[in-house]
Amino acid sequence: MGLHNCYSVGLVSLVSGILIGKYLFASISPPRPKKSKRNASDISETDDEDYSDDSIASEYEVNSTSLNEVPGEVRMTLVVRQDLKMGKGKAAAQCSHATLALYKMITNPESEAYNEQMVKRWEYGNGQAKITLQVPNQEEMDMLYAQAISLGVNSYIVHDAGRTQIAAGSATVLGLGPAPKAVLDQITSDLKLY
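Numbering-wise (this note's numbering), the sequence shown opens with residue 230 and increments by one.
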């Protein structure tokens, strides 16, 4: 078995383990608080189809402090699935969910993901830079997710609540970082801008 095949088998095993663990332990996670419903008057006719304010998440907290030694620009990367054909407003809402979730993870002192130094580099170094990329389908998104975790990059997958354009539970956006651009490029350099 060649090195490339060993890498592929290892990566698939990692993704499988993460996904199996997520589903096995989902039943023991604390209940999520219900969010208040918005009035119809809060949403204009033009953005009704593109907005969803609820999501379900897949997150994996990693200790990213080893990445503090990697020099250069720090950014967040948002990877949007193209096969879902989300409207622009819907994709923007899903990217916002991912951004906020990653920020909450990395700034929570009780989280494994807590990394004050990386947050400062991201916030003050270049204005909270974010880049939005596209991925063709969920399988490739899952591979990116596993690769990010293996490199020590905090990751978060947004799953839609299914109230508007797409089926409930659909993985819509993969959020990565904040992390050094050099490390994120190892994961996403083959992807096109969204």
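It should be emphasised that the hints constitute simulated quantities derived from the structure, not laboratory data.
Glycine included, each C-beta is placed from N, C-alpha and C at the ideal position.
There could be a bad hint or two in this list.
Said to hold, decoys possible - Here are the computed lysine-lysine pairs in the DSBU-like style, where the Cα-Cα straight-line distance is at most 30 Å:
no.	residue 1	residue 2
1	K359	K421
2	K421	K317
3	K333	K317
4	K359	K333
5	K410	K317
6	K421	K410
7	K314	K349
8	K349	K410
9	K359	K349
10	K349	K421
11	K359	K410
What the hints assert, rightly or not - What follows is a set of in silico ranges between Cβ atoms, one per label pair, in the way DEER data are often shown:
no.	residue 1	residue 2	range
12	R392	S295	18 to 26 Å
13	G391	N366	17 to 25 Å
14	E339	R392	13 to 21 Å
15	G391	V299	36 to 44 Å
16	N366	N297	31 to 39 Å
17	A397	N297	18 to 26 Å
18	G356	G391	30 to 38 Å
19	Q415	E368	17 to 25 Å
Hints breached by this structure: 7, 12, 14 and 17
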